[in-house]
Structure formats: structure tokens, C-alpha cells
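**Student:** Sequence:
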Amino acid sequence: MTTYIARCHMTLHDNLYYASREFGRFYETEKYLHNYGLTYALGLVQPAPAYFNSSQEPRYEEELQLERVGGCYVTPAYPLHIDYSFITFKMATVPYYSTTPRESKNRVVFGRAKELAPGSTFEFFVVAEERRALPMWVRLGKWMAKAEIMHEWYTAGTENAKIVDVQSPQLVHCPINPLDLPQSRLATFDIVVMPPVSLLTNVRVTGLCCKIAPSELFRDRKKEVRYVPLGMKYFSEKSVVR
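Going by our numbering, the first residue of the sequence shown is number 289, and it counts up by one from there.
These aren't lab readings, by the way, just hints derived from the structure by calculation. Treat the hints with caution; some may be incorrect.
[Unchecked claim] Below, in silico cross-link-like pairs of lysine to aspartate or glutamate (DMTMM-like), each with a Cα-Cα straight-line distance of 20 Å or less:
#1 402 with 371
#2 434 with 350
#3 378 with 316
#4 430 with 316
#5 430 with 345
#6 430 with 512
#7 499 with 436
#8 319 with 436
#9 450 with 417
#10 430 with 508
#11 319 with 302
#12 521 with 350
Since the structure is predicted, the reported quantities are computational estimates derived from the model, not experimental observations.
Turn these sequences into a full structure, and let the hints steer you where they fit.
**Tutor:** Okay, structure coming up:
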């Protein structure tokens with residue numbers, strides 16, 4: 289079966305917020321974007337889940353089954369260039385938190401959020417069984433921030449996207465969701481703790497990878513190649529430290 293890979297660049301046009309870490313009343317957004325959120329933002333989950341959910345329990349494993357995502361897999365996104373904005377907000381009506389802090393005096397309760405600023409850029413990959421249209425504009429994050437996507441498709445096994453069987457650990461150019469790649473292929477990595485599943489960065493893997501050549505569209509330098517692991521699938525691995 290032929291495999292296709294889309295290399296995607298995303299540029300934020302709004303502040304992007306989601307609570308990666310909470311320190312009292314300070315809420316920080318991680319610089320890596322989780323592949324679950326990207327999959328929903330790209331509209332790959334069909335039928336699309338209801339916009340409103342009465343319960344706060346995610347159903348990722350149910351909704352990200354292979355047949356519901358059309359045989360696609362989206363990698364987490366890593367930053368190419370980022371800036372942050374610091375926002376101060378009242379905690380009276382804004383749903384940043386789940387428990388209302390109690391105050392004995394009538395004074396303003398406030399919090400601060402560290403959000404990814406407009407102009408921040410990211411890269412991620414979509415692995416699919418067939419080429420498909422990807423949206424140019426998406427919305428993601430707590431406040432449905434607008435982001436622009438530019439992409440280019442490659443056919444795995446061609447000159448621009450060679451398939452290589454890596455025997456010694458090779459650094460790959462995307463974060464890895466440890467639930468989606470067999471642990472036997474992982475050699476070394478760093479862990480980024482974030483919900484709903486911690487991500488792995490600076491990952492070195494073995495096994496089949498796609499070696500993507502430089503692209504004029506993304507203004508790559510000569511000989512600047514990217515390695516993307518093949519065989520990733522949502523929830524292919526269940527045993528992992530979160």
C-alpha cells in the first residue's frame with residue numbers, strides 16, 4: 289500500500305491558549321502542540337464529535353480509531369519560531385479553572401496566562417493512505433485561535449521521500465506520542481510532561497523512516513533532510529509513563 293506524507297507549516301493568527309501546566313493562578317501553554325488536538329482541528333475525525341459534551345471525559349481512543357480518521361495519522365507539532373503573550377484576567381466568570389477560589393474579603397480575584405502569540409510557527413506531518421485536501425485555516429485551543437496552514441504532499445518511496453530502514457538510532461524531526469509508536473523502536477528521548485499524554489522530543493528511533501528532501505516551498509537549506517518514522521498509529525502502545 290502506498291503511503292503519503294504531508295509536511296505542514298502552521299502560523300498562528302491569534303493567541304493560542306491551553307493549560308499545559310498550572311501553578312496556582314498562573315497557567316502556562318506548552319510550546320509543543322499535541323497531535324490529538326491537531327487531528328480534530330484538521331477535521332479528520334468523521335463523523336465529527338458533538339460540539340457540546342455534557343461530560344468532561346475525553347473519548348480519544350474511541351474517536352481516533354483508524355476508520356474514523358480516514359486512515360490518517362497526525363504527528364505532534366514542534367515550534368519553528370515562537371513568541372509568548374502574558375495575559376491577566378479576572379477569575380469571576382472566565383472558565384480558566386474548575387474550582388472557584390474562596391475569598392473572605394470583597395476583592396478582585398485574578399489570574400495570569402502565558403499564551404502563544406500570533407506569528408508563532410510550527411511544523412508537523414500528516415501520514416495518510418491517500419492524498420486528501422487539508423484546510424488552509426483551522427481553529428484550535430481553548431479560545432479557538434485561528435491558524436493558517438501551508439502543506440506539501442510527498443509519496444513515500446519516491447526520490448523526494450525515500451524509505452530507509454534505520455539500523456542505528458536516528459534523530460527524527462517531530463515529537464513522538466509514546467502511545468503511538470512501539471517502544472522497541474525508541475532509543476533515546478526527552479520527556480515533555482503535558483496533558484493528555486506526555487510527548488517525547490529529541491527522539492532517536494530505529495526501523496522504517498521516510499527521508500524527506502529539502503523543499504523550495506518551505507525555503508529549506510540544501511541537504512536539510514527530515515526523518516519521519518513510519519508505522520505510527522493512534523494508541524498502538526498502551527504501556528507508558530504519563
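**Student:** For each hint, tell me whether it holds in the structure or not.
**Tutor:** Against the structure, the hints:
1. 402 with 371: 10 Å, holds
2. 434 with 350: 27 Å, violated
3. 378 with 316: It holds: about 16 Å lies between the C-alpha atoms, which stays within 20 Å.
4. 430 with 316: 12 Å, holds
5. 430 with 345: The given pair, whose Cα atoms are some 16 Å apart, holds under the 20 Å limit.
6. 430 with 512: Since the Cα atoms of residue 430 and residue 512 sit roughly 35 Å apart, the hinted pair is violated (cutoff 20 Å).
7. 499 with 436: 25 Å, violated
8. 319 with 436: 17 Å, holds
9. 450 with 417: 16 Å, holds
10. 430 with 508: Measuring from Cα to Cα gives roughly 32 Å; hence the hint is violated.
11. 319 with 302: 15 Å, holds
12. 521 with 350: 13 Å, holds
Of the numbered hints listed earlier, those contradicted by the structure are 2, 6, 7, 10.
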